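Chains as they are written, first to last, in this note's numbering: chain A, 1 to 804; chain B, 1 to 804.
Careful: at least some of the hints might be erroneous.
[To be verified] Examples of chain B residues lying across from chain A (beta carbon under 10 Å, computed): (1) G141; (2) D442; (3) K513.
[Claimed, not checked] Below, simulated BS3-like cross-link-like pairs (lysine-lysine); rule was C-alpha separation at most 30 Å, straight line: (4) A:K728 <-> B:K561; (5) A:K728 <-> B:K773; (6) B:K516 <-> A:K773; (7) A:K516 <-> B:K615; (8) A:K516 <-> A:K615; (9) B:K773 <-> B:K728; (10) B:K516 <-> B:K615; (11) B:K615 <-> A:K561; (12) B:K561 <-> A:K773.
What the hints contain is simulated information worked out from the structure, not anything from laboratory work.
Keep in mind it's a predicted model, so treat the numbers as computed, not measured.
We treat Cβ as the ideally placed atom computed from N, Cα and C, and that holds for glycine.
Protein chains: 2
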Amino acid sequence: MAETTGTQASWATTPAATEHLSAQELDGLDMWWRAANYLSVGQIYLMGNPLLREPLRPEHVKPRLLGHWGTTPGLNFVYAHLNRAIRTRDLDMMYVIGPGHGGPGLIAAAWLEGTYSEVYPDVAQDHDGLVRLVTQFSFPGGVPSHVAPETPGSIHEGGELGYSLAHAFGAALDNPELVVACVVGDGEAETGPLAAGWQSNKFLDPATDGAVLPILHLNGYKIASPTVWARIPEEELLSTLRGFGYEPFVVAGSDPGSMHHLFAATLDRCLDGIAAVQRRARRDGIQRRPRWPMIVLRTPKGWTGPATVDGKRVEGTWRSHQIPLSDPRRNPEHLAQLESWLLSYEPAELFDHDGAPVPPIREHSPVGIRRMSANPHANGGRLLRALRMPDFRDYAVPVARPGAETAEATRVLGGFLRDVVRRNRQNFRVFAPDENNSNRLDAVLEATTRAWVAETEPGDESLAPDGRVMEILSEHTCQGWLEGYLLTGRHGFFSCYEAFAHIVDSMVNQHAKWLKVSNQLPWRAPIASLNYLLTSHVWRQDHNGFSHQDPGFIDHVVNKKAEIVRVYLPPDANTLLSVADHCLRSRDYINVVVAGKQPEPQYLDMDAAIVHCTKGIGIWDWASSDQSGDPDVVMACAGDVPTMETLAAVDHLRHDFPDLRMRVVNVVDLMRLQEEREHPHGLSDTAFDSLFTRDRPVIFAFHGYPWLIHRLTYRRHNHANIHVRGYKEEGTTTTPFDMCVLNEIDRFHLAIDVIDRVPRLGPRAAYAREALKSKLIEHRQYVSAHGEDMPEIQEWTWPGRLGS
Amino acid sequence: MAETTGTQASWATTPAATEHLSAQELDGLDMWWRAANYLSVGQIYLMGNPLLREPLRPEHVKPRLLGHWGTTPGLNFVYAHLNRAIRTRDLDMMYVIGPGHGGPGLIAAAWLEGTYSEVYPDVAQDHDGLVRLVTQFSFPGGVPSHVAPETPGSIHEGGELGYSLAHAFGAALDNPELVVACVVGDGEAETGPLAAGWQSNKFLDPATDGAVLPILHLNGYKIASPTVWARIPEEELLSTLRGFGYEPFVVAGSDPGSMHHLFAATLDRCLDGIAAVQRRARRDGIQRRPRWPMIVLRTPKGWTGPATVDGKRVEGTWRSHQIPLSDPRRNPEHLAQLESWLLSYEPAELFDHDGAPVPPIREHSPVGIRRMSANPHANGGRLLRALRMPDFRDYAVPVARPGAETAEATRVLGGFLRDVVRRNRQNFRVFAPDENNSNRLDAVLEATTRAWVAETEPGDESLAPDGRVMEILSEHTCQGWLEGYLLTGRHGFFSCYEAFAHIVDSMVNQHAKWLKVSNQLPWRAPIASLNYLLTSHVWRQDHNGFSHQDPGFIDHVVNKKAEIVRVYLPPDANTLLSVADHCLRSRDYINVVVAGKQPEPQYLDMDAAIVHCTKGIGIWDWASSDQSGDPDVVMACAGDVPTMETLAAVDHLRHDFPDLRMRVVNVVDLMRLQEEREHPHGLSDTAFDSLFTRDRPVIFAFHGYPWLIHRLTYRRHNHANIHVRGYKEEGTTTTPFDMCVLNEIDRFHLAIDVIDRVPRLGPRAAYAREALKSKLIEHRQYVSAHGEDMPEIQEWTWPGRLGS
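With the rest of the complex left out, here is chain A (with noise of 0.2 Å):
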């Protein structure tokens, strides 16, 4: 692999490559890129000797050997490259890399730019700093060994693969100077949402955003065999990637001097492509979707490492996936051929005397937050601006008494989001995967479009390449696409159907742990939070059937770091309003916050709601019967469904039983069921058990799997009373209300429920057990006849008896 081809594959006149860089030039790019590739290597192997002064000895090397050699040389020789661009063209540029177990390499970059030592003083640029920057690698109380929020520069953690161009263009939404310039990995290209990421370019508008540069590394091999793009037909590569939308250059080869000069042009050719493509737009306005220009870069895997190793080839095969040479401690010939490989960079041209790099190194580097190890975008707490953010009280649905009003809770949301919108035109959007308005946010478009860059056709509603809704049918590039716009500093809202938002469980997690870290990070400023509206919800989704009732994604996050996670159920419109204010305005934080979109009853005026969503959970006085304080038992609700059912509980109940003591306790901070110690929103025993008694039954009517709230309380006093019902994973196509009669969360399930566990109830209680028995028959019989809810359950709304 020896030969070295540039493929231009349609702008015709390329300078010949070999003349591009000036020897100048070229002499401080491959320094850089030696350099680089030194300091990888040093750190994957080295606890000492770092600048190979000495001749190398097994306590030199560590005893662990955790890393990834093969990606590197190849981020590394892109990212000297950009530099190059970055000084020559005063670019505002930032690094996403796809193959981000290439770890080294970004931490080396960093620390030649200077950024390293400034973040973290004690790896200065010096001998000291260099031994504390190879040792402190994948070692234990250092750095981790992919890129991580520890690594500047960064806002993609290079863990999980798929996400690097989501992210990527998320980062450029809104910034309309930024290029940013996108590695991503043929390991990684095979992923779903890598490859749906791709026609992001359908979203990006030329005018108003920045713009992404795609690199799709080919280095040919995942961890133990050859990657599919790498192992198709040039023609095909080609072929695809126009497809997309996209014009790409091929630049392959080995041979590093020709390669410098083959890279150096072909990224000057793309550079000044997006240059012309937004010179355009920004001058004449987008008379169509641009071809942007993108890069395939075709090197060998572990490319300047050791070319074979106990007799295998190693270099351009995936054998120097993770570590080359495996045992250089114990093996004397490894341990050579790790030196000559050390040596083969000639580190004592690189470094100084103090252990810095040399001028032509240093000089190399873009200065200050033009290196993009400092480029504020990747820190984007730096850049943040609290939003303007209109009254959410002027929202408010009037709520003369409980009950009174029917809402759709999401439909009043969307007419201030739509106001969030209108203030904030450069930094929120919002995002769904073409759900906005089934989702019933439509009044957002009231004030913007949706982004669209693709074909329009007469007859077409809302669509405009600024728009600020975000919609694909993948929840996978919506989530990324969000992530990438608040890890650099903007904010965002997310909906989506509540069943499909396990799509993204595992993004969810990724962007958790990126949180956890980064708080612990002085220099990382703090974000804006990731806030999921889950509408369409397991409840209401009896019209599509079993496939799309699942309540489980409030399971999935409070698995993680308490300290980062909330979750919201508010029952009625004023206090979704009053719960998303708080959201748009945190940071830091997953929010979750799950309602309904059909029209139900309201309970709360805006005053109310407000205190009560302070609170977080509280007594429902007016709907409550226990004046005494001394309940005979404790009707608890959390989801707009459950409450609106254990109101119409506590309704037959109060007509049953008139001297029944019944509390109603709403829950719409979930967490504040947790104990203290476990979640900063948790309540203290002492609030828990005034509120849910020490001994008195709890009937909890719980919007998702039941199993969660005994997870929640299981060391509260009162544990052993509480009883709760949720969904149960019985579900079909039907109406409303069956829905909640299958999984037994309906009124009358739960009127006996109380029935069965309030004991003084007497002989009246057999009675009214069978009476509500027979109602549920009626209703069976009713709906399988009419395909619809009993008129008492579909007008049912909180009388107001008890006051108000």
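Take the given structure of chain A and dock chain B to it, following the hints.
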């Protein structure tokens, strides 16, 4: 959109499309299509008067209209054409449709073919049957509006989008005579999993596998906006598909007559192409990857439906996605429009006096198992053959006494799986996202190769078209292939990094739902279980760091129905063998097995392992010191690393407190912890108490998040005394033992937990506690200095002091 165009993208000589069908063929085809469309509209709207033999009145219309019209006529069109091809070519063909919300179409087809009435005799091919057919659709007590297990001929739930291609390819594997026609919706095509699925053609052996015929159906709109794939130039569209390695043929238009000729001609061409590819490969061997044909079908959304409603365009727009006429029950104009829409299909021509399809329609359907609705592959359990199993005991690691040997559990399993592969060369495959070898199952490659039809290069190892190891770096694709393979009656095994199993959370949901519903349908035969091996697990991801650490897949899975879900945590190699054997023989479950790949002490010889796994939970007498049967403390453990740490803690404590009565309980089958009434594997309270006592402290070291144990045991008598250690999101790049220390599940913390909870230890307790704390400090210091665990940790094995 009245014109019709056919782009025969490359195969040159096309017969004039207008002549392709005889008049009689065209007639039968069009009648079949009209009948399917008529019945589809009928299902969405009607609950009476199904043949329109009297004027349509409001009470004939359902009160709640739930269904999707938009995609349905296109699906019916394709179905009608496939039927012609099946008949003329005697094809073994299945139909997988991505836009599965077009459920009414597939139900209509199954009814027209007679299958529906065979499976559901109440829905006969007569007037009464028709009343039932239309009424039951999306009606309480009826059938879902999407394609579901209830739909004969389907293996693909129509709720969540993105998995059709992977399912189709999974079905085609090892079925050389099968052709799977797979409709990909243009909404679905935006998802990541679907985008990744196109690459499946690099893994399909034209000699030993069947074929997939993708039909990309561009009807232009999602719920509320245009689709990306319909709004790019055709040049880009074809370029992408050719880049993916297909030969696309475009059929576009809206005039039924010419569309019939054109689609029929194109379909014949594609089926000829498939036959030619297979013939060549089977005769001459595989020289290079074939270009499989595929179809791009561009038709109006809601084709043949109302052109305009309430003055707005409906046909050909997103407004026809669900219910084009929103309120025929109350809006007389809608009612009239519905009636004329239905009559436009000329039902009087299509159904005989009794309501059965007229002979030309019946004759257009294939016969017997050639009907796609009755194809046995789509009810895979009917074709399922048990695996020919090697005796797992033959692979046992000899364990003379507990802790004496060390083994890598998954490597041992690899030998067993190798021989399962050897004995089952047509109906067993292993699946992994590029992790088969990393997970140490490489022995499998002694019996087979990786499946690979892309290019090869000198030096490649273990790649061949007929390999039985399916590796692509896409968890989604692996999962989709495996589901398709299982649902068509075969067996499989999926190994995955534990943390990244979350990537398929949502797919697991859908498969679990499918199994739950299938189990309730007597005509659906049981299929092989979906078997996961989660390895490279949280406690041994010290080298990859925090991003690779997440044990929450278990939490996700246990939310599914108890009758579907099994979770096993074998502590060593022999128990893993026993569990794996059990899982491979089981049916209709989702089995999650968690086991490590690193060298670890072995505890049970094969006889003991079998006994232990059969019980699923048990006291390890050889490790316990409560010979009296009256322990001071119960040391419970589940998972390989927690088991080792528990035994090491017991070892320590035994030394410090020779008279401390400890009982070691090991859990292999996690669901044993749950109550009998919650899970079929649940222990009775008596049995639980006999293991865990009613009043002694239980120190429980658990592989995953600690709350899961509380969730499973909160109703047990001794729950308040159960103290669980598990993963609490503390992790980074460090040493294996340090991972345990960070999460306080290590031997020293566990021993301290015992000391803190057993009051009778007296004054020695404080001293022992301090010594343990010193150990922890010593550990931290050692690790920071040396980068590896202390020798005493690395070398610990169970000392066997307590006999065995």
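Any hints from earlier that this structure breaks? Give me their numbers in increasing order, please. Hints 5, 7 and 11 are the ones this structure does not satisfy, whereas the remaining hints hold.
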